[in-house]
Structure formats: structure tokens, C-alpha cells
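Those protein sequence lines, which keep their order, are chains V and Z. The number in my numbering is simply the position in the first sequence, starting from 1, with 711 added. The number in my numbering is simply the position in the second sequence, starting from 1, with 264 added.
Incorrect hints may appear among the rest.
[As the list claims (entries may be wrong)] Computed footprint of chain V on chain Z; a stretch qualifies when at least three of its residues, placed anywhere within it, have a C-beta under 8 Å from a C-beta of chain V:
1) 278-289
2) 392-399
3) 423-434
Derived by calculation from the structure, the hints in this document are not laboratory data. As the structure is a prediction and not an experimental result, all values here were calculated from the model. Yeah, the Cβ is synthetic: ideal placement off N, Cα and C, and Gly gets one too.
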Amino acid sequence: MAEAHAESLAVNDWSGGVHPYRVGHRKLGMWLFIMSDSLTFGALLIVYSYARASSVNWPTPFPFSPSIVFSSMMTLVLLSSSLTMVFAVSAAKRGKLGSARKWLLATMVLGLTFIVLHLMEWQHLMGEGLQPFELPAEWAEKWPGASPLFGSTFFGITGLHMFHVLTGVCYLGVVMARIKKMKEDVEVSGLYWHFVDLVWMFVFPLIYLLSVDYHNLLGK
Amino acid sequence: MVDSKEREIGTLNIVMLALAVLAVGVAAWNVISDGFRAGTDDLFLVLVCLMLALLFAVPTLMWAQANGKLTNPFADEAIPAGAADTGTHEAHGGSDKQNTIIWVSLLALTAFEVLLAYIQVPITLMLIVLMGASIIKAALIVAYFMHLKFERLSLILTIVPTLVVLLCLFAIFFPDSFRLRDMRPQEPVHQVEHEG
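Given these sequences and hints, build the entire structure.
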């Protein structure tokens, strides 16, 4: 009785009551991880912006077609994987484990598609001669004085993101295989997956959309 | 007992409001005395002050609202005090239809960003619009896909302001990049490339 009274008193404040967050320890842990991880990506993106703003010239090597169209497709794939993840979480919550499994599988397939598309993009750029600390000779001529840090920021940020996607695919695989024991983990893994999607929402405009090659809009 | 608690709350509210007013005052003083002469540094200082003012004002405003001294201007349906307490996760999160609508809006915002990249907007304007759109997208993802809108307010207040403040603090270093660019000698570009 007294406890219920205490709870009702406290609940009005920040709706926390005697359980300030009322989430499971896994979910709370995932949120804390997401906070620290967003600081990692935040730091990397600030480093990228710093390197770019402090350079006399910065390569803008992406023609609208095919590069931007291609990376937009990657964005579409990743956003769609978030939607299938949402469906997986809501199916798991309703106790429809079979359906949740299928949606998780769809999410993993979309995640792998993203990785494959991204690796194709990387291969294309490396084929042009881009390396972490060196620009292709052609670029150096086209953008005189351009910072060689383009490669390291590009590979560093997109590489870490891709690593997160890959980790996410493995994580979802484990959750899918043990879904009967790990029902709550579907939602927790969903948090991770959406976070990876969220990071891409900043990487895509900053790295790709701000580096469109307007002299070569439709490729060579 | 109750009296002392109320007195405590009253004092805290006054302190918070005073801090909020002080922060707004510093921002106003900076604008009036300096008029953005220092560029990004001034902008940053003003933004930080305004953000601090907001953070200081929020608990007091929430207290005022909870005690009926202020009607909620946002009229939200997210967390009715009783419903959040049921402990079940039935009403937790939006419906599939709602999530699909969010997905479509995310796609639409992305399409808008890509269109901007196609029509060639000046880079500063482009950066501002892109970041604005990305922040909206991030907010939609966090609120609906990650269900944060449906969590307890205490969790939201633990996560969101902390992250916003920390990410803004990173930006302290940013204006230094212009100094680096402007102080760099014009010619010896080739050496840098060979070293790299």
C-alpha cells in the first residue's frame, strides 16, 4: 500500500517511479552503447569536416550518375532494412516467432546487400587509384593542392560503418537462431540496427552528397 | 516534512530559472557587445548559452506543467502518467502502418537531399539544408523506429540532452580548421603530396 502510494507520487514527476527507466538491463545497456558509439562516429565526422575545411582544396570526385545514384540505392536498401527490422520487432512482441524470424532474415539479406554494394563502390574507387593516404594522380591534377586525407577519411568512416553493418548481420543471425530464448533481444538488436541506419543518414550527405563532381555530372 | 520538500523544490526552481536567465543574458550580451565579429566562435558561444538556458529551464517548466501552473502547449499523447505504469509492452511502439509512413517520409527526405545534390546549390546553404534534413531523419528514426518516443521521459532526458551537448562540444574544435587553412602558405602544396 505504502509502496503503491510512493510509486504513484513519484510517477507524476518524470514518470519514472521507483524504476526510473523501466527498461530491461539489456536494453539500457544497448542505449548506453549507442550513446558511446554515436560519440565515436560524431568524432570521426567532425574530423572529416575539420580536414575538409582546413584544406585549400578537397576532391569532389562523385559524378551524379553513377556514383550518387548508386549510393542512393545503398541508402534505400539500408532504410528498407530498418523497416523490415521494425516488422520483426513487432512480430516478436506479438509472439509470432516464425514471422519474426522471416523479417530478421530479410533484414540480414538487405544488410548483406548493402555491404556488397559498398564493397563494389570501394573497388571502383581503389581501381581509380585512391588509397588511404594518397590521391589518384588524375585527381591531384584536377583538384590542385587537394588534401590526401580524402582517402583516409573516406575509408575510415565508411569502413567503420560497414564493420558495424557486418557486426549487425552477425548479431541478428545469433538472435534469429536463438529467438525462442532471446525474445527480448529482437528489440535490443533492433535498436542497434536502427542506429547503424541512423549513422548512414549523416555519412551519406556529408561524404557523398557534398562531394558531387559538377564538371562531370553524368560520369565519363 | 512536506513543507521542507516544497521549499526545496521552490528554491531549486528559482535557482534553475536564474541560471536560465543568466545564460540567455550572456548570449544577449555577447551579441550586443560583439555583433558576431568573431564569426563562428561567437555563433558557437551564443548557441551553447541558449542550449544551457533551455536545459536549465526544462525541469522548472515540467514542474510547472505537472502542477497545473502551465498548460502543455505540445498536447502530446505519448506518455500518459498512468499508462506508462502498466508494465506491459502492448501499447509500446507504433503500429506497422505508422512505421511504414515514417519509412516513406525518410525516403522522401532522402530523395529531397539527392535532388539538392543534383541541382547544384552553394555549398554552405547545401550543408545547412542537408544537416537539417539529416537531423529530422535521425529524430524520426530514434523516436519511432527505436521507440524512444514511447519510453519513459526519464530515459529520454538521460539520453538526448547528453548526446546533443557532447556532440556540440566536439564542434568547439571546428573553427580552428579555418585558422589552419588561412595560415597555410600558398605555394608548397607539392611537398605535402610527396610526403603523403
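Assertion that chain V covers the region 423-434 of chain Z - criterion: three or more residues, beta-carbon distance below 8 Å: It holds: at least three residues are needed, and the region 423-434 of chain Z offers 6 whose Cβ sits within less than 8 Å of chain V.
Are three or more residues of the region 278-289 of chain Z within 8 Å, CB to CB, of chain V? violated (count 0)
Annotated coverage of the region 392-399 of chain Z by chain V, confirmed only when three residues or more have a Cβ within 8 Å: holds (count 4)
Checked against the numbered hints above, the structure breaks only hint 1 and satisfies the rest.
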